[in-house]
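Q: Okay, here's what each chain looks like letter by letter:
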Amino acid sequence: MEKTMRKGQIRKYCIKMKKAGYGNLLFILPAMLLFAVFSVYPLVKTFQLSVFDWSGIGSDMTFVGMSNYMKAIADAKWWHSVANGFLFGIMALIFMNPIALMLAVFVSAKVKGALAYRVIFYIPPIMSGIVVGYIWKWIYNPMNGILNNLLGVLHLDFLAHDWLNGVSTALGAVIVASIWQGIGGSFLLFLAGLQGIPKELYEAAEVDGASKWRQFCHITIPMLEKTYIIVSILTILGSMQTLGIVVSMTNGGPGGATDVPALRIYNEAFKNYRFGYASALSIILGVMLLIVSWLQTKVERRKD
Amino acid sequence: MMKKVVAILLTIIMMVGSLSGCGTGNSNNPDGNKQGGKEEEKTITIWHYANDREELLQQFAEEYYKETGVKVIMELYSGDQIASKIRTAATSGELPDAWYFAGGKGDMDEYVRAGNIKKIDVDWLDRFPENVLAQVSFTDEDTYESPSGTYGIPFDLNNMQMVYNKDLFKQAGIDAENPPKTWEEFIEVCIKLKANGIIPFATGVGSWGGASLAEAYQFAYIDMEELTKACLKEPEATYEEIGMVNVLKLFEDLKTNDLLAPGIATMDLPSAEQMFANGQVAILYDGSWVIGVLDSMNPDFTNWGVFPLPQPEDAPYEVKLPGGCSWMVVSGDADEETIDFMEWLTDKDQQVIYSNSSSNLPANTEAVSLDGLKAQAAEFADDMDMVYNSVPSNPRAEVTETLIQGIQMICIGEKTPIEVVKEMDAANK
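Protein chains in written order, with numbering that gives the first Met the number 0: chain S, 0 to 303; chain C, 0 to 428.
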């Protein structure tokens, strides 16, 4: 009798769950599990490490509370690297994304060889940052690099410079290389955005006699607004996490002039052997990026 | 209903499949047993940076397998990569049976205390030079916390000196057979080279080359007891007080006379080596491994020589040479087999083959024969007695970082030696 009652209760519960759609949750379980293992757990672990003083080997860990965070707040080298990271991002927003947009508009305008251009523009982003860094290191080579030779050919020898060796030029030189590599990624996203704009809008504008420029200003730009937000967020996030290109071109030098947050974190963990402190820096960087992304979306939503 | 069952099954398969990738898949097989095999096969795994000698090391591994039945897996990585790889493996407890140790004595102390390096307790360590073994040995009297004993087995010897292009010396009218002995002569030679349109000097200032050169000259200017005081957990002396400025003034000398290669502040050692191999720079500060590097970069370039670090006339002590060994340390469970292999690898026969084939200096003193070595290798080997045993290392890594960055800034004229020393003292607090 009791058994029958329990079976009935279970059946009722199952029906209730089915009605509520909870059964479907089972199907997102694999993704949730992967997310938990590869994203949530490392995040929690990083936070846990950030409150310890730990060299990265052995079990000799000392709980230091928030002292790593306090140290980070007073660490001039860290904030210098953060400032450099933001400069990477700002320069990319000012130069990289507009260039990428122009290229995307150009390629989507059914020019001859558009497919070839798409492939060419996308080659730099699929190359490793280390490789791109070495290519540009060669371009900037003060003795036989292309850039100084080109300036010589153009009778602009006075502009020739030891680009990566000077505190005032090294960061700019690395930023140019980074922008060169990043254009392709933004280009592809803009191209996808452009393809999503209904053609009827352009046809109607043409019937009304709108010029190409007016079509660009009044159709393309507004319709690409959402894409632009996403590209901008990705640009800032990417810029703040630049590493390979800096390592191969300057390794943060001269004298830390091209240090960036990811390199600072790497050096603290693997060169200075301060894993706890490096974890605290990672958390701070993560929070900063979260705030930047949130602010950006908030501002854009307010515009809407 | 059937659809639902299939969907649930697929979900479970996907979950299991996804998570199976998280397994450690340890190929090291710490027990040394071949899984599923009928016979037990001992296997040891070794990580080393000598990827330029891969063929030779694999040959050794094969030969050892034929002789003993113990399989040796040699995994080779680049020099820049291996230190981080080992650190990461130590963090996750996945170190191999033996590995190349990169780092100072302070680092070794840390690894030993964490149980990642085992003590070498064998009676055949006397085949290696004493000053070299001292670099990986702890005593009850030293400031380290590791139990006394030896913790590394030398595989080959190396030291760092100045290498120079004899043709470029001749081109500048300098006697190529009598390289400079004092710092003052060195500067004079460099000025002559510069006057003849030749770039005088390069090294890896952008990475660790500058700090290594500074470390060698600390021996010339600073009393080691005084240096120890600056390196204590609670420093009893400042770098300014012990005369670090004099060491850094040597870099200022090079800068003010415009003797450094273009791009020096961000130049790594391979780039400097490439310039030297191409005949673009006359003098390079580098290690004895440069013989193999130059062979691979430019096999036709052979007319070069070696000279010890020039002694500054105003320095109260003798300059010494950085150097030591490529150390093999043992950490795995198969320590008995690993140590047996190390003994075999450092036997005279193997060391002679290794030295002759790779132009590296053998660690076994019985195998050192200057006659069998290349001229440059013999020059490096001849000065092994000038190598310092150990140098007091500062427990605060930011001091070394400040020094490396400071040298870069001095080399481009952005900072003075005293400014850098003050920054080092600030980092040392």
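Just so you know, the hints here were simulated from the structure itself, not pulled from any lab data.
Be careful, since some hints might not be right.
Stated by the list, open to error - As a list, the in silico DSSO-like pairs of lysine-lysine whose alpha-carbon atoms are at most 27 Å apart:
no., chain 1, residue 1, chain 2, residue 2
1, S, K270, C, K117
2, C, K117, S, K76
3, S, K70, C, K428
4, C, K70, C, K84
5, C, K428, S, K76
6, C, K232, S, K70
Q: Compare the structure with each hint and give your call.
A: Here is what the structure says about each hint:
1. Taking the CA atoms of K270(S) and K117(C), the gap is near 23 Å; set against the 27 Å cutoff, the hint holds.
2. Proposed proximity of K117(C) and K76(S) is contradicted: the alpha carbons are some 37 Å apart, above 27 Å.
3. Taken as a hint, the K70(S) and K428(C) pair is honoured in the structure, with Cα atoms around 14 Å apart against an allowance of 27 Å.
4. At most 27 Å may separate the alpha-carbon atoms for a hinted pair to count; K70(C) and K84(C) meet this at roughly 23 Å.
5. Under the criterion of a C-alpha separation no larger than 27 Å, the hint pairing K428(C) with K76(S) is consistent with the structure, at around 16 Å.
6. Our distance criterion of 27 Å between C-alpha atoms is met by K232(C) and K70(S), whose separation comes to about 18 Å.
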